[in-house]
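Visitor: Dock chain B against the given chain A, drawing on the hints supplied.
The listed protein sequences correspond, in order, to chains A and B.
With the first letter of the first sequence counted as 1, position 147 gets the number 147 in this note's numbering; the numbers rise by one all the way through.
With the first letter of the second sequence counted as 1, position 22 gets the number 22 in this note's numbering; the numbers rise by one all the way through.
Watch out, some of these pointers could steer you wrong.
Same chains, same names: a pair is fine if it fits in one copy or spans any two.
No more than 20 Å apart at the CA atoms, straight line, and that leaves these computed lysine to any residue pairs for SDA-like [to be verified]:
1. K31 / L54
2. K167 / Y19
3. K55 / Q36
4. K55 / S88
5. K152 / Q17
6. K191 / I53
7. K191 / H22
8. K84 / G125
9. K152 / S88
10. K146 / S88
11. K55 / S33
12. K110 / G76
13. K84 / T173
14. K55 / G29
15. K55 / D68
16. K110 / N47
17. K55 / D27
These are computed hints drawn from the structure, not numbers from a lab.
Now for the letters of each chain:
2 protein chains.
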Amino acid sequence: MLSGGLDSATCLAIASQSYEVHALTIDYGSKHSKEQESAKALVAYFNVSSHTILKVDLNAIGGSSLTDENIKLDQGKKFEEIGKEIPSSYVPARNMTFLSLAMGLAEVVKAEKIFIGANSVDYSGYPDCRPEFFESFQKTAELGTKTGVDGKPVMIKSPLLHLTKAKIIRKGTELGVPYELTWTCYSGGVKACGKCEACLLRLEGFREAGINDPVEYEN
Amino acid sequence: MLSGGLDSATCLAIASQSYEVHALTIDYGSKHSKEQESAKALVAYFNVSSHTILKVDLNAIGGSSLTDENIKLDQGKKFEEIGKEIPSSYVPARNMTFLSLAMGLAEVVKAEKIFIGANSVDYSGYPDCRPEFFESFQKTAELGTKTGVDGKPVMIKSPLLHLTKAKIIRKGTELGVPYELTWTCYSGGVKACGKCEACLLRLEGFREAGINDPVEYEN
Numbered sequence: 001m002l003s004g005g006l007d008s009a010t011c012l013a014i015a016s017q018s019y020e021v022h023a024l025t026i027d028y029g030s031k032h033s034k035e036q037e038s039a040k041a042l043v044a045y046f047n048v049s050s051h052t053i054l055k056v057d058l059n060a061i062g063g064s065s066l067t068d069e070n071i072k073l074d075q076g077k078k079f080e081e082i083g084k085e086i087p088s089s090y091v092p093a094r095n096m097t098f099l100s101l102a103m104g105l106a107e108v109v110k111a112e113k114i115f116i117g118a119n120s121v122d123y124s125g126y127p128d129c130r131p132e133f134f135e136s137f138q139k140t141a142e143l144g145t146k147t148g149v150d151g152k153p154v155m156i157k158s159p160l161l162h163l164t165k166a167k168i169i170r171k172g173t174e175l176g177v178p179y180e181l182t183w184t185c186y187s188g189g190v191k192a193c194g195k196c197e198a199c200l201l202r203l204e205g206f207r208e209a210g211i212n213d214p215v216e217y218e219n
Numbered sequence: 001m002l003s004g005g006l007d008s009a010t011c012l013a014i015a016s017q018s019y020e021v022h023a024l025t026i027d028y029g030s031k032h033s034k035e036q037e038s039a040k041a042l043v044a045y046f047n048v049s050s051h052t053i054l055k056v057d058l059n060a061i062g063g064s065s066l067t068d069e070n071i072k073l074d075q076g077k078k079f080e081e082i083g084k085e086i087p088s089s090y091v092p093a094r095n096m097t098f099l100s101l102a103m104g105l106a107e108v109v110k111a112e113k114i115f116i117g118a119n120s121v122d123y124s125g126y127p128d129c130r131p132e133f134f135e136s137f138q139k140t141a142e143l144g145t146k147t148g149v150d151g152k153p154v155m156i157k158s159p160l161l162h163l164t165k166a167k168i169i170r171k172g173t174e175l176g177v178p179y180e181l182t183w184t185c186y187s188g189g190v191k192a193c194g195k196c197e198a199c200l201l202r203l204e205g206f207r208e209a210g211i212n213d214p215v216e217y218e219n
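Here chain A stands alone, though its shape is the one from the complex (with noise of 0.2 Å):
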């Protein structure tokens, strides 16, 4: 499941030392869609077998400030009151939703795996982001679909649960992830504006690891 992101992009280093590698993006609407771009040029730096780009549409939901206009972005907030409380780029049942489709697509390109970058340490405090949802997850997806029904589910992997930024980032240093492709910002803009819950995670997770962060900010 590859978003653009610096999560993603790290996950997908990881799985492609190992797996040959289908590639999903979902494209759901959302004000960054700008990672979509990121995505597909990770995908041409990686060795990917296949990159789908599906389309779902959540701005037909709304109920975030990711998908509806009229939800304004989160900017400014203090790095230590990230995660205390689900923000308003909560998208209702987003992870559940994309890894139901990644779930469908796995079977179709028998996938023995799906690699999520999830991270449960330096997040936003999503929900869908903690070890008991992908657990609870998988079990389901084992009583729902065929490949589960028929004793070889597809197993679901976030190598990056346990990690904090700063690991994740030299973790995929290590590994040749060319961050300067990977976008974060939720914001929209041309230049990540820094601000976002997303760029200060990453920004701060770039600093404790002692890495430059390739990408412009704005000023």
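Guide: Relative to the frame of chain A, chain B by itself:
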């Protein structure tokens, strides 16, 4: 969740007896997208507060005779064979995807419940129509959504789950469901084919119920 078929129409009639209804129809690129016209007609017939038609491009995944041009629909199966194994019309991870989308919408419109017209008695043998799948999905949704984490989970109701097709039709007839407005056939023709598993289950249900099916069939 309103596909426009017999089961979801009956489910809508049940839900609208006790609840303000926000209908959700998912346009997933199936060959029988004609059912969406039925969904609209049913929404006009019943008193519905909103109707969301949400596009999700399952053609990008394929893997089913409903979503992939190159996979042939089963027609002319023996009635006794239906439901014995997972048929070619199985859409990988469909109900998981659709329920996730419904969960997202439910959070936004502040719905208490999701009604789904799934049926595990006279059905096609889909793993994601079984009670154990719905129970597990409920738990996963409670872990992965804001309403779940807040202790006010959206509850999934499947009032038809343990009914035979004949009982569903009798119940719907009592409730005044306009079955002439529904669409069941998978084949994508102008009239129902009468040969696909969906038509066979429907026809047998009406026969057993002793009620005339008002829909026109090819000869």
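Visitor: All hints, please: hold or fail.
Guide: Here is how each hint holds up against the structure:
1. For a Cα distance limit of 20 Å, the shortest separation of K31 from L54 qualifies both inside one copy, at 16 Å, and across copies, at 18 Å.
2. Taking the shortest Cα distances, K167 and Y19 never come within 20 Å of each other, neither inside one copy (22 Å) nor across copies (49 Å).
3. In this assembly of identical chains, the alpha carbons of K55 and Q36 lie at most 20 Å apart whether taken from the same copy (11 Å) or from different copies (19 Å).
4. Proximity of K55 and S88 under a CA criterion of 20 Å is satisfied in neither setting, with 22 Å inside one chain copy and 24 Å between copies.
5. Neither within a single protomer nor between protomers do K152 and Q17 lie at most 20 Å apart by alpha-carbon distance, with minima of 23 Å and 42 Å respectively.
6. Proximity of K191 and I53 under a CA criterion of 20 Å is satisfied in neither setting, with 24 Å inside one chain copy and 34 Å between copies.
7. For a Cα distance limit of 20 Å, the shortest separation of K191 from H22 qualifies neither inside one copy, at 29 Å, nor across copies, at 39 Å.
8. For the homomeric pair K84 and G125, the shortest alpha-carbon distance inside one copy (6 Å) is at most 20 Å, but the shortest distance between copies (44 Å) is not.
9. Taking the shortest Cα distances, K152 and S88 sit within 20 Å of each other only across copies (18 Å), while inside one copy they are farther apart (38 Å).
10. Taking identical chains as interchangeable, the C-alpha atoms of K146 and S88 lie at most 20 Å apart only when they sit on different chains, with a minimum of 11 Å there against 36 Å within one chain.
11. Taking the shortest Cα distances, K55 and S33 sit within 20 Å of each other both inside one copy (11 Å) and across copies (17 Å).
12. With identical chains, the CA atoms of K110 and G76 are never at most 20 Å apart, being 44 Å at best within one copy and 29 Å at best between copies.
13. For the identical chains of this complex, K84 and T173 are neighbours neither inside a copy (28 Å) nor across copies (51 Å), given an alpha-carbon limit of 20 Å.
14. With identical chains, the CA atoms of K55 and G29 are at most 20 Å apart both within one copy (8 Å) and between copies (11 Å).
15. In this assembly of identical chains, K55 and D68 lie within 20 Å of each other by CA distance both inside one copy and across copies; the values are 16 Å within and 16 Å between.
16. Proximity of K110 and N47 under a CA criterion of 20 Å is satisfied intra-copy only: 18 Å inside one chain copy versus 44 Å between copies.
17. Proximity of K55 and D27 under a CA criterion of 20 Å is satisfied in both settings, with 5 Å inside one chain copy and 12 Å between copies.
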